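Colleague: Under this note's numbering, the first residue of the sequence shown is numbered 37, with each subsequent residue one higher.
Calculated directly from the structure, the hints in this document are not laboratory data. None of the values given here were measured: they were computed from a predicted structure. Ideal placement from N, C-alpha and C gives every residue a C-beta, glycine not left out. Among these hints, one or two may not hold up.
What the hints assert, rightly or not - Derived DEER-like restraints, expressed as beta-carbon distance ranges: (1) A58 <-> E257: 29 to 35 angstroms; (2) E293 <-> P184: 40 to 46 angstroms; (3) L224 <-> E423: 31 to 37 angstroms; (4) K188 <-> V285: 39 to 45 angstroms; (5) S379 <-> D181: 31 to 37 angstroms; (6) S460 <-> G404: 19 to 25 angstroms; (7) K395 <-> E137: 55 to 61 angstroms; (8) W459 <-> T194: 19 to 25 angstroms; (9) E308 <-> K395: 29 to 35 angstroms; (10) G290 <-> G142: 55 to 61 angstroms; (11) A58 <-> K314: 18 to 24 angstroms.
Claimed, not checked - DSS-like cross-link-like pairs, simulated, lysine-lysine; straight-line CA separation at most 30 angstroms: (12) K128 <-> K143; (13) K313 <-> K447; (14) K220 <-> K242; (15) K81 <-> K143.
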Amino acid sequence: MLVFISDLHFVDETAGKHNIPASAFENFLANIKVHADKAKAKELKIIFLGDIFDILRTEEWFKEEEVDRPWGNNTAKMQESARAILNEIEEKNRDTFKLFEPAAIGKRFGNIEAETVYIPGNHDRLCWLIDGPKGKVIELLGLKDSNPENFKLHFSNTDYGVYALHGHCFDKFNYEGGPNHTDKDYKLVPIGDPITTELIAKLPYKLMKNAEASGNLNPTERENLKRNFQEIENVRPFSATLKWLLYQVEANRGLKEIIEDTVDEVVKEFQELTFVKKWRDCHDRWYNPFDTADKIQGVLYFFEKFKVFSTGRLLDITDKITALFGENELAKGAANLFSKLDSRVQYIVMGHTHDPLKKALALNREGGRILEHVYLNTGTWRKRYHECRDGSDFIGWKDMTYVMLYTPEEKPNRHGLPVFESWSGSLKREE
37 MLVFISDLHF VDETAGKHNI PASAFENFLA NIKVHADKAK AKELKIIFLG
87 DIFDILRTEE WFKEEEVDRP WGNNTAKMQE SARAILNEIE EKNRDTFKLF
137 EPAAIGKRFG NIEAETVYIP GNHDRLCWLI DGPKGKVIEL LGLKDSNPEN
187 FKLHFSNTDY GVYALHGHCF DKFNYEGGPN HTDKDYKLVP IGDPITTELI
237 AKLPYKLMKN AEASGNLNPT ERENLKRNFQ EIENVRPFSA TLKWLLYQVE
287 ANRGLKEIIE DTVDEVVKEF QELTFVKKWR DCHDRWYNPF DTADKIQGVL
337 YFFEKFKVFS TGRLLDITDK ITALFGENEL AKGAANLFSK LDSRVQYIVM
387 GHTHDPLKKA LALNREGGRI LEHVYLNTGT WRKRYHECRD GSDFIGWKDM
437 TYVMLYTPEE KPNRHGLPVF ESWSGSLKRE E
């Protein structure tokens with residue numbers, strides 16, 4: 037029996053208190069035990085499918101010079117900071133990590149041979165690249181150091197008919213490599229890294245400094261403003277963050293000028309980053325008017341006009357920018373990937389999008405044998421904000437999604453093939 041979860045985004049809480057409580061994982065493991073017992077499973081692997089640790093969503097990087105940030109020169113100082121951030125993540129989530137200690141897992145699942153496996157994503161890319169964090173990840177997730185499946189960029193098992201990866205290799209903003217998806221490709225820094233830290237995390241960081249300097253807010257108002265703007269991290273897709281920002285301005289009209297000045301300040305600093313300048317020069321292709329650089333420039337254009345245009349005009353711009361981002365690239369990537377895989381693979385499992393999904397891609401009945409191609413996405417356990425259909429605002433709730441795969445022996449069926457289950461629960465509660 038295999039279980040996939042992803043995009044837990046454990047953080048150090050400097051950029052927002054977004055960690056998932058240990059009670060959620062306690063319930064998760066209890067449910068898995070019920071399913072494993074029912075299937076009479078002899079083995080159990082819990083696969084952490086990337087973005088488990090978030091080394092990017094932190095304010096700690098703002099203490100360092102650009103050269104010592106993840107998009108700098110891979111300095112010893114950068115590596116030291118990454119280790120320190122991971123140590124703080126451990127401290128903030130200690131009760132959760134205790135649940136995955138080998139002794140705790142062994143006690144819970146008894147005679148079932150249970151273990152955990154870790155596949156890196158883009159927000160925890162540094163956990164894969166740097167030796168120090170690797171050792172800490174092994175400790176925190178209870179990994180077997182001898183298991184070669186750990187820290188690979190994909191997980192595959194034909195007994196379960198599955199090929200799994202985080203999925204950011206199909207996202208041009210979060211993958212800088214080529215179509216072969218080699219280790220070297222994954223090591224390249226994508227533009228999504230500085231976007232996450234230097235735009236998304238820095239905006240509330242700078243806003244609070246500017247708001248506090250103005251002296252216009254009491255402590256309660258400051259805390260509410262900080263919390264609301266830090267929630268921008270939980271808006272998906274990225275293009276929707278533009279509208280989210282507009283709604284926050286409307287909800288804080290008394291701070292409109294401070295917010296606009298802060299946006300202007302953050303965007304100018306982003307554009308002056310050495311990495312961003314080089315990236316733009318490499319990616320802005322004259323023969324493709326809608327390349328990745330143009331999409332980023334569209335977003336930056338929105339920010340540049342934030343102080344100048346009316347809300348209505350800005351909303352029109354966001355609609356045009358959103359249209360540039362197009363369809364779900366991961367589903368398209370999964371469909372193309374099947375042709376390169378072992379013919380026994382039926383399921384491609386990914387995370388990354390934060391959008392739980394089950395998508396039928398193809399069905400082949402040739403030779404008297406049925407072969408299904410299905411794309412499964414594990415979503416996220418973090419709170420997600422969804423834009424209202426009438427465009428009035430956003431509404432948020434928490435989802436908990438995991439995907440389970442069984443061999444024909446664990447779940448007998450007339451085709452004698454591996455089968456899947458996808459379980460999702462949602463919780464709407466205002467903290």
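Colleague: Now, for every hint given, state plainly whether the structure supports it.
Modeller: Verification of the hints:
1. About 31 angstroms separates the C-beta atoms of A58 and E257, a value consistent with the hinted range of 29 to 35 angstroms.
2. The hinted range of 40 to 46 angstroms is not satisfied by E293 and P184, whose Cβ atoms lie roughly 56 angstroms apart.
3. About 32 angstroms separates the C-beta atoms of L224 and E423, a value consistent with the hinted range of 31 to 37 angstroms.
4. Evaluation of the 39 to 45 angstroms hint for K188 and V285 yields a pass: the beta carbon distance comes to about 44 angstroms.
5. Take S379 and D181: their Cβ atoms lie about 33 angstroms apart, and the range 31 to 37 angstroms holds.
6. At about 35 angstroms, the beta-carbon gap between S460 and G404 misses the expected band of 19 to 25 angstroms.
7. The beta-carbon spacing between K395 and E137, approximately 36 angstroms, falls outside the hinted interval of 55 to 61 angstroms.
8. Between W459 and T194 the beta carbon distance is about 24 angstroms. The supplied range of 19 to 25 angstroms therefore holds.
9. At roughly 41 angstroms, the beta-carbon separation of E308 and K395 lies outside the given 29 to 35 angstroms, and the hint is violated.
10. At about 56 angstroms, the beta-carbon gap between G290 and G142 stays in the expected band of 55 to 61 angstroms.
11. The hinted range of 18 to 24 angstroms is not satisfied by A58 and K314, whose Cβ atoms lie roughly 42 angstroms apart.
12. Taking the CA atoms of K128 and K143, the gap is about 24 angstroms. The hint holds against a cut of 30 angstroms.
13. Between K313 and K447 the alpha-carbon distance is near 54 angstroms, which puts this suggested pair outside the 30 angstroms criterion.
14. Straight-line distance between C-alpha atoms of K220 and K242 comes to about 35 angstroms, which puts the hinted pair past the 30 angstroms bound.
15. At roughly 15 angstroms between alpha-carbon atoms, K81 and K143 fall within 30 angstroms of each other, so this suggested pair holds.
The structure fails hints 2, 6, 7, 9, 11, 13 and 14 (numbered hints given earlier, in ascending order).
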